[in-house]
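Taken in sequence, the protein lines are chains A and B. Just so we're aligned: 127 in my numbering is position 126 of the first sequence, and the numbers increase by one with no gaps anywhere. Just so we're aligned: 123 in my numbering is position 122 of the second sequence, and the numbers increase by one with no gaps anywhere.
Careful, some of the hints might be misleading.
Heads up, the list lumps identical chains together, so a pair's fine if it works in one copy or across two of them.
In silico PhoX-like pairs for lysine-lysine, Cα to Cα no more than 25 Å straight-line [said to hold, decoys possible]:
#1 K56 / K209
#2 K61 / K201
#3 K162 / K31
#4 K201 / K31
#5 K183 / K20
#6 K205 / K56
#7 K42 / K162
#8 K42 / K56
#9 K170 / K183
#10 K201 / K162
#11 K162 / K205
Derived from the structure by calculation, the hints contain no laboratory data. Computed from a predicted model, the values in this text were never measured in an experiment.
Number of protein chains: 2
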Amino acid sequence: MNQRKLEILLTNDDGYSAKGINVLADLLLKYGNVTVIAPEKAQSGMSAALSLAYKVRFYKISENEGNGNRLRIYALTGTPADCVKMAMNSFFSIDNRPDLLVSGINHGSNASAASIYSGTLGAAIEGSIYGIPAVGLSLDTHLEEPDFSNIEPYVDTVIEKVISHPPKKGVYLNVNFPYLKKNEIKGFKFARQGMGMWIKEFHKSLEKGEEELYYMTGEFIDTDSSELGDHKVVNRGYISVVPHNIDTTDYRERERLEREWNML
Amino acid sequence: MNQRKLEILLTNDDGYSAKGINVLADLLLKYGNVTVIAPEKAQSGMSAALSLAYKVRFYKISENEGNGNRLRIYALTGTPADCVKMAMNSFFSIDNRPDLLVSGINHGSNASAASIYSGTLGAAIEGSIYGIPAVGLSLDTHLEEPDFSNIEPYVDTVIEKVISHPPKKGVYLNVNFPYLKKNEIKGFKFARQGMGMWIKEFHKSLEKGEEELYYMTGEFIDTDSSELGDHKVVNRGYISVVPHNIDTTDYRERERLEREWNML
């Protein structure tokens, strides 16, 4: 499984100092050299956004050895997708790609509609554009200092499977772990992107002098009738695995509309 | 075609004062009431990002009548997807949706990989999540003050077709116009999301005292072997129309990996 030394690129959207990415960096070191390029600060909800309007700062945090492999950590004042681009500019290239891109472990679920807004997955999309096998990992809890030890053996399984049986070109994986004890986790289940939406999201600030200001919160509406929606699978105690394609063309709808619009 | 007064939500990623959105607002007024909620400043490359970390400011710019319909314009210090959420919080709801969401006209192409980073389409995705028929319109030029008059009759055609034959639930349209004279435009072509990527994107700032700073630019690599990639269709002088699905699950890859990972 692990004969060749792999080059692994690791990022996230919670920032380089988050617990989830540091747990993951240690775990990945047994597979090869790990290059971490992660946001300086939390970038949740950044989707595949890029820093087009601002200059970004890029600097080294540390470089160490572990398991005979090199762990180097860099911070970037940009988005998760920026981090992948910076890695491809600074340490890798399209002729010298990393063997694997891992994003996470995110503090919080990225199942269902969250997958659309997720910076964790924005980085995985970016890796997939470059042709790198990419996987986003997220733990379904909002505890500030969650216990990642229950899922570590399952994370190893995911990494081994992605190495031995990667998704095809243009496809990245979204893996969500339930926040349960190791023996309560029921195993893996291949799922689909769950359907749902958040409503009532913007609330008026009640701070004095902030009359025009709004902050975001909200209420999730589950509109998924399938039992295979990833958020439902996670709620039932499984680890959901969803392959997503960067080509989001709806080919059937293309044919239908072409016919109906009757333009050609 | 135009018997009932429609409620149209209009946004963009270039900001409420951009020429493209103002041309479009005037054009849309013949179909019904138009509510513009657009970013205060340019938000290009923001994808479906949300402002989770900051409070946003939301304020009225103007309210006028035109063609017997109401045009109200608001600015938001947030992303294009935020603008749609604010509209659904402030003027509409899931029980009282706008009849149509239009995003644009973007100054610049959103074909090929640009569709992934596009704030114009981030807003269309957000509309689609709420079940609103949504379309993003983009003009393939980087002129600061482009001439939109050549494409106006074609924009009308798109709006009329989306009203009479909307995409199915969960599908939004990405329409890209070539920057040509009216009689040079060859017509519409239903296309697919073109494949490609930008490389060599981050460049070191050469300003004094900015040693760790980088700015983004880059070189587009066309990796599309199909003649139906939307960027290629536009380059040939057609208006590309691509239906995109907010469900990006790759169902075939789901089956293949489930079998290969052999976990169940």
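Do the hints match the structure? See the list:
no., hint, in the structure
1, K56 / K209, "between (33 Å within a copy, 14 Å between copies)"
2, K61 / K201, "between (41 Å within a copy, 20 Å between copies)"
3, K162 / K31, "within (15 Å within a copy, 56 Å between copies)"
4, K201 / K31, "neither (45 Å within a copy, 30 Å between copies)"
5, K183 / K20, "within (19 Å within a copy, 57 Å between copies)"
6, K205 / K56, "between (32 Å within a copy, 9 Å between copies)"
7, K42 / K162, "neither (31 Å within a copy, 44 Å between copies)"
8, K42 / K56, "both (15 Å within a copy, 17 Å between copies)"
9, K170 / K183, "neither (32 Å within a copy, 39 Å between copies)"
10, K201 / K162, "neither (40 Å within a copy, 31 Å between copies)"
11, K162 / K205, "neither (46 Å within a copy, 37 Å between copies)"
Hint check: violations occur at hints 4, 7, 9, 10, 11; the rest are consistent with the structure.
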